Amino acid sequence: MGHDFAYPPVDFETHPDRYKHWRLSIDGDIATLEMAVDEQAPLWPGQYELKLNSYDLGVDIELADIVQRLRFEHPEVRVVVLTGGLDAKIFCAGANIRMLGMAPHAFKVNFCKFTNETRASIEDATRHSGQVWVAALNGTASGGGYELALACEEIWLIDDGNAAVSLPEVPLLGVLPGTGGLTRLTDKRQVRRDIADVFCTKAEGFRARDAKRYGFVDHTWPRSRWEEGCAARARELAAAARAAHPERTGPGVALPPLSRTDHDDGWSYPHVDVRFHHDLDDRAVTITIRGPTDDPRRDATTWSLQAFRELDDALLRLRVNHLGVGLVLLRTEGDPDAVLAHEAQVLQGAETDWFWREVQLFQARTLRRVDNTAKTFFALIEPGNCFVGTLFELCLAADRSYMFLDDDLANSIRLTDANQGVFPMASGISRIEARYPGDPDAVEAVIEVDGPIDAEQAEELGLVTAALDDIDWEDEVRIAIEERVSLSPDALTGMEQNLRFGGAETCETKIYGRLSAWQNWIFQRPNAVGERGALTMFGHPERPVFDFNRT
Amino acid sequence: MSHVNYDERIPNNVDLSNDRRLRRALEKWQPAYLDWWRSVGPQIFADNEIYLRTAISTEPGGWANFGYVRMPEYRWGIFLADPEPDRVIPAGDFAGQPVWQEVPGEYRNILKRIIVVQADTEPASVEQQRYLAATAPSLYDARNLFQVNVEEGRHLWAMVYLLHAYFGRDGRDEADELLARRAGDADKPRILDAFNQPCEDWLTFHCFTCFTDRDGKFQLGALAESAFDPLSRTCRFMLTEEAHHLFVGESGMERIIRRAAELHKIDPNGDARAQGGIDLPTIQRYVNYWYSYCLDLFGAEVSTNAADYFATGLKGRWREAKDYDEHTALGQTHRIEYVEDGTLVPRDVPLRNAMNEVLRQDYAADCARVVSRWNKTLEAEGLDFRITLPHNRFHRRQGIYAGHYFDPQGNLIDEATWNARKDEWLPTDEDRAWVKNLMKPVYEPGKMANWIAAPRRGIHGQPIDFEYVRVD
Chain U
0 MGHDFAYPPV DFETHPDRYK HWRLSIDGDI ATLEMAVDEQ APLWPGQYEL
50 KLNSYDLGVD IELADIVQRL RFEHPEVRVV VLTGGLDAKI FCAGANIRML
100 GMAPHAFKVN FCKFTNETRA SIEDATRHSG QVWVAALNGT ASGGGYELAL
150 ACEEIWLIDD GNAAVSLPEV PLLGVLPGTG GLTRLTDKRQ VRRDIADVFC
200 TKAEGFRARD AKRYGFVDHT WPRSRWEEGC AARARELAAA ARAAHPERTG
250 PGVALPPLSR TDHDDGWSYP HVDVRFHHDL DDRAVTITIR GPTDDPRRDA
300 TTWSLQAFRE LDDALLRLRV NHLGVGLVLL RTEGDPDAVL AHEAQVLQGA
350 ETDWFWREVQ LFQARTLRRV DNTAKTFFAL IEPGNCFVGT LFELCLAADR
400 SYMFLDDDLA NSIRLTDANQ GVFPMASGIS RIEARYPGDP DAVEAVIEVD
450 GPIDAEQAEE LGLVTAALDD IDWEDEVRIA IEERVSLSPD ALTGMEQNLR
500 FGGAETCETK IYGRLSAWQN WIFQRPNAVG ERGALTMFGH PERPVFDFNR
550 T
Chain E
0 MSHVNYDERI PNNVDLSNDR RLRRALEKWQ PAYLDWWRSV GPQIFADNEI
50 YLRTAISTEP GGWANFGYVR MPEYRWGIFL ADPEPDRVIP AGDFAGQPVW
100 QEVPGEYRNI LKRIIVVQAD TEPASVEQQR YLAATAPSLY DARNLFQVNV
150 EEGRHLWAMV YLLHAYFGRD GRDEADELLA RRAGDADKPR ILDAFNQPCE
200 DWLTFHCFTC FTDRDGKFQL GALAESAFDP LSRTCRFMLT EEAHHLFVGE
250 SGMERIIRRA AELHKIDPNG DARAQGGIDL PTIQRYVNYW YSYCLDLFGA
300 EVSTNAADYF ATGLKGRWRE AKDYDEHTAL GQTHRIEYVE DGTLVPRDVP
350 LRNAMNEVLR QDYAADCARV VSRWNKTLEA EGLDFRITLP HNRFHRRQGI
400 YAGHYFDPQG NLIDEATWNA RKDEWLPTDE DRAWVKNLMK PVYEPGKMAN
450 WIAAPRRGIH GQPIDFEYVR VD
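Which chain is which? The protein sequence lines are U and E, in order.
Residues 0 to 550 in numbering that gives the first Met the number 0 are what the first sequence lists, from first letter to last.
Residues 0 to 471 in numbering that gives the first Met the number 0 are what the second sequence lists, from first letter to last.
Among the hints, erroneous ones may be present.
Taking lysine-lysine and the DSSO-like style, the derived pairs with C-alpha atoms no more than 27 Å apart in a straight line are [unchecked claim]:
#1 E:K321 - U:K201
#2 U:K88 - E:K321
#3 E:K264 - E:K111
#4 U:K201 - U:K19
Just a sample of chain E residues kept apart from chain U, beta carbon distances all over 12 Å, derived [as the list claims (entries may be wrong)]:
#5 Y5
#6 E58
#7 N64
#8 E105
#9 V115
#10 E176
#11 L177
#12 R181
#13 R189
#14 D270
#15 Q331
#16 T332
#17 L382
#18 L411
Derived from the structure by calculation, the hints contain no laboratory data.
Note that the structure is predicted; figures quoted are calculated from it, not measured.
Note that the Cβ used here is the ideal one computed from N, Cα and C, for glycine as well.
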C-alpha cells in the first residue's frame, strides 16, 4: 500500500443516528459512554479492521461529536463515564496500527492533531462545563486507549489480575504515544519520571496494583465491586459538579446539521465561504466570514454559534482533504455593530446562562483550532470588514495581517472585552498578550482605545502587520501571497508553530508542540517507517531492524 | 533455614542447594504454595495415602517412582530435561544460532507473558477439579485424578522455577500472582476462560484431560522448540508427564464409550440411559463442546503475536527441529477461509502470522487419531455408531469464526438454523442433569460405577482391584 494511498475526502459531521462505534446512555445526571468499535466499519472500508476497540479518525469524529453534543444537548449531565463496550477483556487498544501503517504522513499528523483536539475538548468540558469525564477501564487500555483515559479527570481500573494500562508505542512500534500520553503522565498526573520511563518501555504496562501505587490510575476495584464502586464514585463527582455549576439546568439545545454547498471554486455555508485560488494552483484559499444580519436567538442557529461551527468545519476539511493548501486568507464582510450585538449577548449571557457560555467556549475552541492549523493565515482587512471583538481574534491568530488604508479612514477594526482573555490560547494567555511579549504596557495601551481603530492607528499600535494604501495594496498583498506559497511548507509549518506560541508553556501547548516536533520527526524516520522500521513491520511476519546511531 | 536439605525436600536437577537467589525465592513461595494446595487443591481424600508417581531424577526410571504418599507431603520437584549438547535455535530469525541460556532483555516481557499464561493453566485445573473425587467412579479413577493434580502442581513449580530463576523481581511477583488467581473467581479469575469453567462430573473431567490437556501438550511442544533453552528443557520434561494425563483422558473416554456400547446392547431398545449409563449421542455432544472449546485456546487464526513469537524464536512449530527443513517460515503463506458476505472466501496469509492455526491443525490431527481409536472399540463392540470430531469452524468463540454459525460439518448456517439444531450438537441442560445424576462415588477397590467400563490394566503393574487410595 505504501505512502501513496490516496484516501477519500473525510466528512467531519455526524449525528447520533449514524454512530457506529459508541453507545451513549443517560441516567439522570450521569451519562455512560460505551466504546464498542465496529471492526468492520473503518474509515476506509476493506483496508483494515478495527480490532480490539482500536480507533481511527472515523471513530474519533464520532467521539468529538459526542463531547460536543453532550455539552449543548444534555446540560443536565454532570459526569460522563467512559467505559469499554466489548465483551472482550479490552477497553481500547489505541489507534489502529494498520491504518497508521498505510496512511500517508500528512494524514497521520492530522489524525493525531484531531484526536488531540478531541482529548483537549474532553478536558475543556470537565474544566469549564462541569461535565466531568471519567474513564472506567473495565479491561486493558493500551496506547491511545490509555491516553484517552488520561484526558479524563479520573481513571478507574478494574482489578481482575489481567486488565492493565500501558503505553507500548516505544517498545512495540518504535514511535511515541501520539495523543499527549507522555506529557499528561508528567504534567497532569505528576508521575515520577523514572517510573514513567519503566512504564513507557514495558509493553504490557501496569496492572491495578502498580498502576494505583504509582499514580497511573486513581481508583481500582475488584470485579465483584466494580459496578458498585464506579457508580458510587460517579455519584460523588456528580454531586460536586452540580454544586459547582448550578446554572446548568433546563432543556438542551439541539445542534442541527450544517448546510454546505460545494461548487467549482470551493464551498459555502450560510455564513462562511471557502474559495480556492486557481491562479495559485489551489495552494491558497480565501475564507470569508459574513457577519450577522439578524438578532441573536437562544438556539443553535444564532450567528455566534452557527458561523463558528461553519468555520470549524471549514478548517477541518482544509486540513485533511486539501493538503495542498498552504495559505489561508481570512476576510470578513458585514456590519460591525451587528457582530458587537451578538458578541454582547454571548459575553453577558455567559455569566448566567449555560447556553451562551457554551457558545463562548466553542468559539474559543474554534479559535484555538486556527492556532493549531498547519497552514499560513493572512488576515486581509478591507473596507466593509467586520473584524471587531471576537472576529478580530482571527486577525490576532493570523501570522500576518494587512489592512487597507483608505483616504477617509473609514476602514476600521475594533477591540472589545472579547479580546481581553475571553478566548485564551492553548498557552492560557490572550492573543493580545501573546502579541506583545514582555510588554504589558503595550497591551494596556491597546485595550484602552475605545471605539473603532483606523488603519494608521492600527499599524501604529502594532495591531496589524502593515497598513497599505490603494497604490500599494494590490502589489504588496499579491507579492506577500506569491512569496508565501513558494516557500517550503515544512519549514513554514515549523516556523509558524514556533512563532505563534511565544511565552510560557502549558500542558496543552507542550502536547501539540511535542507532537509536531518529536512525534512527527520519529514518524518520518527509517526506524519507524523505513522498509524494516518498527511501524512498517508491525503485524508483518518479519521483525524490525534498527539503525542504532543516535542523533 | 540454611540447614534445610533442599535437595531432599525439593527433588531437583537445577543445583538448588547452591543457588542463593532461587532458594530465597522458593523459601517464600513454597509455604504459600502449600497453603494454596490446602485451600483449593483436592478436598476429598486430602490427607489419605494415595498410590502416586513421583519424579525424583531425570535418569531413566527416576522420573517415575511409585509409592503411597499423602498429597500435601508430595515432593514437588524441579526438573529440566537433560541438556542437548550444541543445541541450536530451531526456528525464526535466529535459527541455527546457539540457544540462549539467559533471557535476552528485549524479549524478557513477552517471554514472561508466554510463561505466565501457560503456568496459569496448571493450578487452574487443580482448582476446577477439587471436589471431583467426591463422585469418583472408582479408586483407580480417583488415584488418576490425584496423579494429574499433583503433576499439574509440579508443572506450576516448573514454570515458577523459570520465573524465579530468570525474571528477577517481576518474575517473583508473577509467581505470587499465580497463587492469587482462582479458577472461576469473580475478582481474580484465571487468565483463559476455559480454565474458569467448573469441572463437576467425570465425563467433563475425561473430556478435559483428553482435549484440554492435549492443547497443553501442543503448547508445551511449541515451547520445547524455544530459543530459550531452560524453557525448552522444562517443557520437554513436562511433556513426559503430560503423556499420562492424556492417557487418563483418552482411556477414560474409551471406557465410557465402551460401557455405553455394552449398555446399548443390553437394553432391549438400545437405550444406554435406561440401563443407567451415558448414551453415545450424549458423549458425542460433550466431545463437540470440549473439542470446539479447546480449539479456541490456540488463539486467533491470524495473529501478530504468533508471528512475533515465531520470528524471535520464542516458540517454534510442533516438532520444528525434527519435522521441518525450512525454519524461517518467510516467503510462505497459509490458506485461511474467511467469512465474507455470508460465504467462505479463501485467502493466503503470511505463514508466520498463521502459526496459531498451524499448531491448531496439528492438534486437530492428533485428536482425530484418538477418536479413530475410540471408534475401533465401537467397531469391536459391533456398533455402527461412530464418534466424530466437529469441523474446526464449529462453535467457535475466538478468532475469525466467532460470531458466525456453522454446523458440525463446517457449513455456514444462519442463526435460526443454529438455534433450532444446537441441542442436537451440544450438551443440553437435560444431558448435564442426567450425567450429574449418575455421579455417585464408588470407593470399593476394583469396583466401577455402572456408566464406565473397567480399565484394561492397572497402574504400574498393579491389579485393578489394588487399593489405589487408602480410604480409611
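Outcome of the hint check:
no. : hint            : verdict
1   : E:K321 - U:K201 : 35 Å, violated
2   : U:K88 - E:K321  : 37 Å, violated
3   : E:K264 - E:K111 : 53 Å, violated
4   : U:K201 - U:K19  : 32 Å, violated
5   : Y5              : 30 Å, holds
6   : E58             : 39 Å, holds
7   : N64             : 36 Å, holds
8   : E105            : 8 Å, violated
9   : V115            : 10 Å, violated
10  : E176            : 6 Å, violated
11  : L177            : 10 Å, violated
12  : R181            : 9 Å, violated
13  : R189            : 8 Å, violated
14  : D270            : 40 Å, holds
15  : Q331            : 9 Å, violated
16  : T332            : 10 Å, violated
17  : L382            : 41 Å, holds
18  : L411            : 17 Å, holds
Going down the numbered hints, you'll see the structure goes against 1, 2, 3, 4, 8, 9, 10, 11, 12, 13, 15, 16, while the others check out.
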